[in-house]
Amino acid sequence: MIRLTDDPFEPGAELAAFCAGRTRSGAVASFVGLARGEAGAQPVLELESWAEFTLAEIEKIAAEATRRFDLHDVAVIHRVGEMAAGEAIVLVMTAAAHRREAFEACDFLMDYLKSRAPLWKKEHGPGGPRWVEPTERDLADARRWQP
Amino acid sequence: MIRLTDDPFEPGAELAAFCAGRTRSGAVASFVGLARGEAGAQPVLELESWAEFTLAEIEKIAAEATRRFDLHDVAVIHRVGEMAAGEAIVLVMTAAAHRREAFEACDFLMDYLKSRAPLWKKEHGPGGPRWVEPTERDLADARRWQP
Amino acid sequence: RGRPIGRPPHVDHRRMITVLLFGRLSDLAGWREQAIEPVPLTLSALKDQLARRWPRLGDALACPGVQAAIDKAVVRGDPRLAAGAEVAFMPPMSGG
Amino acid sequence: RGRPIGRPPHVDHRRMITVLLFGRLSDLAGWREQAIEPVPLTLSALKDQLARRWPRLGDALACPGVQAAIDKAVVRGDPRLAAGAEVAFMPPMSGG
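Residue numbers (my numbering), protein chains in the order written: chain A, 1 to 147; chain B, 1 to 147; chain C, 1 to 96; chain D, 1 to 96.
If you're looking for bench data, these hints aren't it; they were derived computationally from the structure.
Note that this is a predicted model, so its numbers are computed, not measured.
There could be a bad hint or two in this list.
Stated by the list, open to error - Derived DSS-like pairs: lysine-lysine, alpha-carbon spacing no greater than 25 Å straight-line:
1. C/47 x A/60
2. A/122 x C/72
3. B/60 x D/72
When you get a sec, could you build the whole thing from the sequences and use the hints?
Below is the structure:
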């Protein structure tokens, strides 16, 4: 399940639904990216997307993760638009037979979302708005998965 | 927060509480271990613990993870006693400034829980009950973290 | 954000292309979407044309991290452009 | 599960030790907790004594993965035992 949403979402409720009735997968790994900033500050972050193209590209990344790590299931929920401090930006969940595959798939998905999903992040800090680009570390992280 | 529980727990509700009001940590990683087996089968798994000693040892492992990965927060909830297919055995959650630390800490905690926490797992399969011991892979996974 | 410029009501969409900008590129240009006519021959000719009219955008488009997509497919090199095409310029992506 | 054996009501706990077994060790022995008296001199003497009475437990205790804890502290080698001590034998751990 891949979803882009303009509205806040609750990672706990999503994890509950993702785990429910799962008797075949021994392992569910997840990652939540939260908007950092002073409590109450709004917006602290703005994410621009390109509607269906963004969704389609994230679906490709999820399909690649499923294939590489033999996942039973995968979910990506990505917030777009403006968000406040403490709100969830992204939630990735993976289900697999064993923990290693679930962890690595989650790690892979986050690395690819950081630098290969058509999303553009603008931070609203004390010094004004600033477009974020992937750091050297983000790019190096993504390269780890290349064959 | 480290907790052992005889009763079923809901990982989604725990994640919701763990994320709530968190404006300083950009990253929350989590892992849920689920009891695999035929739906309805009960028990599929039995976990023996040694009360306060088990809790104290898991607290040491969590403190080590906090130190090594510069965590803002960590939680481990471990089910003990008998459980049914699909129920959560363990939930690990880590909060850090960035995703790499949160992921690695989660991975480390699971590796150590698998082979260094005073817990003993008995599987109730079609062939009768069987005590589980860490696999070669589990032991190799735990050795990855040695200095 | 700027509205498309020079797009009279009688315009024939088959004789133009649509350019989309994302992230900091649209901030630099002052618009997100622009109709361009007549249709430039190739992607590089389009970039030259944009650079003449919006110099800061032109500089940004020359950066190695900027990708182009024609009709939602990422392209490399200098493909020819057809009338009606939608050309998107995307700076380095930063989700997650 | 077996109850402690040979523990008459007049017993003096300061003259015995308590042995705890976990995981498959208690299945092999048929008990989880046992009072042992008189107090064996060392950990290896205790193991020998247990092995004589419960041979399958004795074999299991000789496996390299089995750890011993005295008063909830894991010990190595062959420490001396004091009266009142609680000695736990733990097979390889398997949580998570």
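Consistency of the hints with the structure:
no.	hint	in the structure
1	C/47 x A/60	violated, 29 Å
2	A/122 x C/72	holds, 23 Å
3	B/60 x D/72	holds, 14 Å
Against the hints set out earlier in the document, a violation occurs for number 1 only.
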